[in-house]
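**Q** What follows is each chain in one-letter form.
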Amino acid sequence: MEQLVTQLIDGISAGSIYACMALSVVMIYQAINHLNFAQGEMAMFSTYLAWQLLQWGLPYWVIFPAIVAASFAIGYAVERAAIHPLRGASELSHVVVFIALFSIFNSAAGFIWGFGVKSVPSPFGEGPLFEGALLGKHQAGILVVTLVLVAALWVFLRLTRVGLAMRAAAANPRSARLVGIPVERVGALGWGLASAIGAVAGMLIAPIIFLDPGMMMSVLLYGFAGAVLGGLTSPLGAVLGGLTVGIFEKLVEAYVPVVGEQLKLPIALAVIIAVLLFRPSGFLGQKIVQRV
Amino acid sequence: MEDALPSGVARVSLRRRLAPLWPWLIAMVALALPFAVDSFSLFQLTMVLIYAIAILGLNVLTGISGQFSLGHGAFFALGAYATAILLEAGAMPYLLTIPAAAILCLVAGYLIGLPALRLKSVHLALATFALAIAIPEIVKLSIFEHVTGGVHGILVGVPPVPPVLKQAIGVDQWLYFLTLGIGFGLYLMSCNLADSRTGRALKALRENEVAAASMGVATSRYKAVAFAISAMITGIAGSLCALVVQFVAPDSFPFQLSIALLVGLVIGGIGSLPGALAGGVFVVFVPNIAESVSKGLAGAIYGLLLIAIIFSNRNALGRH
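Which chain is which? The protein sequence lines are S and H, in order. Under numbering that gives the first Met the number 0, the residue at position 123 of the first sequence is numbered 122, and the numbers go up by one with no gaps. Under numbering that gives the first Met the number 0, the residue at position 300 of the second sequence is numbered 299, and the numbers go up by one with no gaps.
Simulated restraints, written as ranges between beta carbons of each label pair: (1) H:Leu-30 - S:Val-255: 53 to 61 Å; (2) S:Arg-176 - H:Leu-30: 49 to 57 Å; (3) S:Arg-79 - H:Asn-207: 32 to 40 Å; (4) H:Asn-312 - S:Leu-177: 25 to 33 Å.
When the alpha-carbon atoms are kept at most 25 Å apart in a straight line, the in silico PhoX-like pairs for lysine-lysine are as follows: (5) S:Lys-263 - S:Lys-117; (6) S:Lys-117 - H:Lys-294; (7) H:Lys-202 - H:Lys-119; (8) H:Lys-139 - S:Lys-263; (9) S:Lys-117 - S:Lys-136.
To be clear, the hints were calculated from the coordinates, so they are not data collected in a lab. Note that CB positions come from ideal geometry on N, CA and C, so glycine has one too.
Given the sequences, and given the hints that come with them, work out the whole structure.
**A** Written as structure tokens, this is what we have:
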């Protein structure tokens with residue numbers, strides 16, 4: 000029983016990381032109706048920027064907002080430079096540009112900061128939350144930040160005019176344009192926000208999995224799994240999805256004999272495929288009805 | 000100005016008259032090359048052909064039926080492992096392992112195609128991407144280690160040259176010609192497929208699924224068939240790769256392989272079957288060129304090049 004509780008808490012800690020990344024996935028999906036395969040690499044790049052500022056001795060709480068703002072700018076600029084000119088091009092062109100962006104950010108980070116593993120301190124401090132607690136301070140911090148992000152994102156998407164415009168632009172660009180929504184600018188805004196959320200996720204994840212140019216690969220995949228499980232359109236769903244994937248991963252690792260440990264990644268994928276096949280709208284996503 | 004028109008006409012007609020000669024010229028160069036280059040270049044050329052075959056497989060899926068896959072590296076790996084494992088077990092002569100791998104990939108492609116065809120666009124991309132990432136992990140699993148060799152992989156013996164040709168050519172040249180011959184056969188097959196009843200049904204699906212269905216095209220069956228044929232061709236490429244490289248390991252088939260195949264497809268031109276060759280050249284040589292420009296920034300140069308190519312012919316890839 001005690002072991003089960005430990006596993007569950009471990010799962011929640013890991014899941015909060017995936018939830019954070021899943022939020023960023025949902026953000027971009029709400030903005031462009033597509034997944035950005037370079038999302039993880041952009042988050043990794045932002046985290047390196049944060050690490051660099053830390054090396055220069057700036058305090059964490061100055062760096063945090065600065066990096067979030069810088070990442071917003073990077074996301075916005077990427078949309079303007081690489082995605083905007085592709086307006087109307089096929090799905091496949093977009094996928095190839097995502098691949099190109101992936102390659103560019105990965106290579107640039109490796110070139111500037113090297114491929115060695117770096118450690119990043121936690122802003123919440125080390126050790127357990129309180130004497131004898133199973134949950135660490137940092138894990139608790141991630142959970143709190145994730146929940147704050149969810150609330151903020153939900154408010155933004157549901158209760159503000161810009162959020163409504165963004166959802167409209169992603170769901171039906173042509174009609175959105177007809178009712179006067181500046182679809183392109185809204186799309187760039189969505190890229191900026193997704194990049195900023197990715198940066199938050201990267202900075203929170205780095206103290207746990209360490210910083211290196213390949214760090215986000217599997218995290219992004221679990222993030223995708225979480226977002227798909229949650230339904231791709233719902234921030235709250237993404238968090239529930241991310242936590243579920245985390246808990247599921249730890250339970251399999253602990254209780255499936257022999258191969259549990261090695262199957263971590265395939266499990267995330269199995270979750271994705273199963274959900275896509277049997278319940279494409281996930282926990283809380285909208286049902287998508289296509290008119291022909 | 001007066002005589003500009005006739006000479007222009009003459010030039011056009013000359014070009015037209017030369018057009019049918021191009022395939023012969025390419026064939027002659029392809030046949031002569033292995034006698035003109037050193038063995039490493041020959042190895043690279045063989046790899047170009049192998050990737051071209053794999054991209055041809057992807058082209059059958061994307062170019063003809065309009066679906067796409069970010070996970071075809073999985074079938075490439077499956078074909079390669081099938082050949083390596085069969086050879087390791089000494090079950091059959093190496094030439095027979097190629098059709099064996101082809102059949103295995105055909106079946107696997109059909110089985111994966113059946114659920115995959117229910118997914119569209121972003122979901123299909125995600126599911127196939129997941130497949131590409133899962134394959135190396137699954138191959139590494141300790142329970143399969145006695146068959147797959149785990150992380151260490153399997154060494155494949157050098158395939159012997161048939162006795163008839165032993166006097167004339169070496170192993171490298173033989174493997175090149177084998178790949179060339181199989182590639183050419185698959186190319187003809189794909190061309191025929193595109194023009195067949197099945198091909199027309201698939202193209203109808205690509206253009207408008209609802210219209211195709213209402214014309215009596217069995218959408219799910221045809222989509223799965225396209226996936227299966229595509230997987231089979233890519234699997235044959237994998238099988239040849241095992242014979243040529245003479246080594247398979249999980250790290251030979253990272254998800255970047257699937258990405259490279261997709262990139263090769265886009266570069267060569269979707270729906271252009273000869274373009275697969277251009278795609279193969281891109282996959283083999285461009286990363287090296289990018290690396291020779293700057294070792295550290297090779298990935299960035301590769302990415303910028305990709306973006307430049309996409310921007311310069313974004314309409315060629317079709318529109319939403």
